[in-house]
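The chain contents come next:
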Amino acid sequence: MGTIELLMQGFAVALSPESIMFALIGAILGTLIGALPGLGPANGVAILIPLAFSLGLSPTSSLILLTSVYAGAMYGGRISSILLNIPGDEPAMMTCLDGYPMALKGKAAEALATSAIASFIGSFIATIGLVILAPILAKFALKFGPAEYFALFALAFATLGGITGKNQFKTLIAAALGLMIATVGIDISSGVQRFTYNSLHLFEGIDFLIAIVGLFAISELFFFLEQHAGDGLKKVALNKLKLTAKDILFVMPASLRGALLGFVSGVLPGAGASLGSFVSYTLEKKVSDKGTFGKGDPRGVAAPEAGNNGAASGALVPMLTLGVPGSGTTAVLLAMLISLNVNPGPMLFQQSPDLVWGVIAALFVGNLVLLLLNIPMVGVFVKLLSIPPKYLMPIVTLIASVGIFSITGSAIDLYFMVGFGIMGYVLRKVEIPLVPVILGMLLGPEMEKNLRHALVLSDGDWTVLWSSGLSIGLWAVAAAGLILPMVFGSILRGKMKRSKDGLVD
Amino acid sequence: MRITDRVFGVLLLILAVTYGYEATKFPVPFGGQESVGPETFPILLSIILAIGSLYMIVKPDEDAKWPAVSMLLELGVVCLVLVLFAFGLEHVGFVLSATPAVAFLCWRMGATPVKSLLTGGITAVVIYVLFTQVLELALPSGILGL
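If you read the protein sequences in the order shown, they are chains A and B.
Going by full-length UniProt numbering, the first sequence opens with residue 1, and the numbers climb by one from there.
Going by full-length UniProt numbering, the second sequence opens with residue 1, and the numbers climb by one from there.
Among the hints, a few may not be true.
[Claimed, not checked] Here are the simulated DSSO-like pairs of lysine-lysine, each with C-alpha atoms no more than 27 Å apart in a straight line:
#, chain 1, residue 1, chain 2, residue 2
1, A, LYS105, A, LYS139
2, A, LYS285, A, LYS295
3, A, LYS286, A, LYS429
4, A, LYS105, A, LYS449
5, A, LYS295, A, LYS240
6, A, LYS429, B, LYS65
7, B, LYS65, A, LYS383
8, B, LYS65, A, LYS495
9, A, LYS449, A, LYS295
10, A, LYS495, A, LYS105
11, B, LYS59, A, LYS449
12, A, LYS429, B, LYS25
13, B, LYS59, A, LYS495
14, A, LYS449, A, LYS139
15, A, LYS285, A, LYS139
16, A, LYS285, A, LYS495
17, A, LYS383, A, LYS449
18, A, LYS295, A, LYS242
Note that these hints are calculated values from the structure, not bench results.
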């Protein structure tokens with residue numbers, strides 16, 4: 001069957017009334033989560049996974065619900081960027097540059113609407129890119145043997161810090177910690193107990209959902225407490241929307257360019273959404289700046305937003321076809337797939353095409369729902385933004401705990417969650433990134449399995465890991481991913497910081 | 001001062017060595033020793049962690065801002081409250097353990113005691129009803145026995 005037919009079947013799944021309902025719920029929840037300060041997309045999706053899981057939804061419904069949450073969170077992130085000048089997550093940073101000045105000029109509603117449209121264009125184009133590129137990559141990935149997979153996983157860790165990564169050794173430490181946690185439990189291939197210390201609860205290993213919620217949500221609570229940030233922040237008031245077709249046409253070229261650049265940087269390993277929005281903004285500034293950028297030019301809002309959302313959808317290409325996520329949020333999406341017993345990778349496209357294409361179609365539907373939802377309803381979301389964190393964070397913590405408790409119905413999981421919260425707090429203080437820890441827990445079992453397969457086939461000869469041209473190529477990219485940021489990372493970070501600082505004064 | 005990274009580097013190094021050592025003592029799997037076993041991957045990891053932690057010791061980054069001791073104590077109390085909530089969940093039930101936990105967190109984040117208690121109580125009851133009645137997810141009712 002051709003791609004188009006498969007996609008049409010996907011739409012048949014995604015357009016059923018039940019799916020649309022889940023897409024709608026997901027879109028609303030996602031926008032809220034993205035908009036709330038201190039939550040962020042990765043956090044939000046992580047909290048909702050155990051809930052979707054324990055409600056006994058079918059895999060397709062859960063996937064549709066959570067992909068809409070993912071898409072929604074990307075939309076929501078810009079609300080706090082524009083109104084509070086605080087990016088919900090790192091990629092939203094560039095949206096502050098022109099979004100906040102627009103809001104200060106009394107054009108907050110226009111800024112929000114422009115970014116909603118640009119986000120839609122970004123996601124839409126990138127999802128089309130996903131439809132075209134994913135099957136090709138999946139076919140190519142069938143050539144991978146165990147040695148190539150091992151190299152690919154190494155590549156995923158090496159490039160996770162991204163080109164803007166700060167200290168590559170800390171990324172390495174984080175990855176090692178995550179992989180170590182993954183080794184706890186009974187070894188699948190030999191039946192040997194590893195690091196269980198005869199505790200029955202550890203035999204099955206540590207559930208990564210507990211780790212995700214602990215590391216992200218609970219440590220966030222600690223940070224809020226420490227910074228006394230309970231009162232929330234002053235935000236710019238919202239005006240009445242006046243947006244004409246001319247305004248939309250004005251930002252169209254910027255959005256299209258941003259979307260394409262974003263998609264490319266989302267697909268490439270190590271680039272990610274941060275670079276996507278950064279490159280889109282800088283290019284747009286080069287192309288069309290006449291001294292208005294940084295002072296509230298709508299194109300300066302559209303370009304990074306399209307880039308950001310384009311990259312978010314682009315990041316799904318390596319995630320779905322190779323099982324290797326490129327960013328924190330896609331890592332959490334991978335966690336969702338694994339907990340639904342869906343193993344992403346080239347086989348996924350052959351074994352459960354209905355599921356893959358259902359998700360892709362759900363992305364289209366979710367984005368349309370979001371666009372229709374966001375322009376009229378932005379006022380409601382803004383109202384919710386004004387709930388002070390001092391009430392919100394405790395409630396979120398409680399809901400997160402309920403989700404974790406519902407996985408096994410045991411309080412021991414909650415003790416682990418608090419433990420991971422402390423670990424997350426300390427790691428963040430020492431500036432060891434959390435995403436590689438999660439990724440390590442997720443990829444650990446597969447990575448070890450492939451290493452052992454490769455070594456068993458070669459009878460213990462380690463050179464098998466770099467004996468094919470493909471694996472040498474992957475190792476080379478991995479090495480570049482580790483070394484390049486050390487050379488260029490500080491230069492790029494300096495540039496991003498300068499363009500942000502330039503705005504403040 | 002660049003002491004934080006050094007201290008954590010040492011701690012992580014100890015972890016790496018202990019973890020690697022424990023891995024070498026795994027029992028030989030049934031069927032005899034092979035070229036790769038359950039210990040191969042963990043030993044590889046301990047080497048990677050050791051390299052990373054040595055780097056942290058040799059080239060530490062600038063120190064992070066650690067909160068005052070009183071704040072660390074407060075965070076410790078918050079952890080204790082969360083643990084007590086988990087413990088209470090199984091023994092006195094969801095509503096009775098969630099109410100004080102949420103109220104405490106709100107209070108520590110700067111809400112007034114009355115508003116904190118109200119938030120705690122209302123949230124606990126709403127979530128309990130929502131999850132047990134609407135979403136049909138069992139939460140322990142505990143001694144209230146509703």
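Comparing the hints with the structure gives:
no.	hint	verdict
1	LYS105/A - LYS139/A	violated, 51 Å
2	LYS285/A - LYS295/A	holds, 12 Å
3	LYS286/A - LYS429/A	violated, 37 Å
4	LYS105/A - LYS449/A	violated, 57 Å
5	LYS295/A - LYS240/A	holds, 20 Å
6	LYS429/A - LYS65/B	holds, 8 Å
7	LYS65/B - LYS383/A	violated, 33 Å
8	LYS65/B - LYS495/A	holds, 25 Å
9	LYS449/A - LYS295/A	violated, 53 Å
10	LYS495/A - LYS105/A	holds, 26 Å
11	LYS59/B - LYS449/A	violated, 34 Å
12	LYS429/A - LYS25/B	violated, 34 Å
13	LYS59/B - LYS495/A	holds, 24 Å
14	LYS449/A - LYS139/A	holds, 22 Å
15	LYS285/A - LYS139/A	violated, 38 Å
16	LYS285/A - LYS495/A	holds, 14 Å
17	LYS383/A - LYS449/A	violated, 49 Å
18	LYS295/A - LYS242/A	holds, 19 Å
Violated hints for the displayed structure, listed by number in ascending order: 1, 3, 4, 7, 9, 11, 12, 15 and 17.
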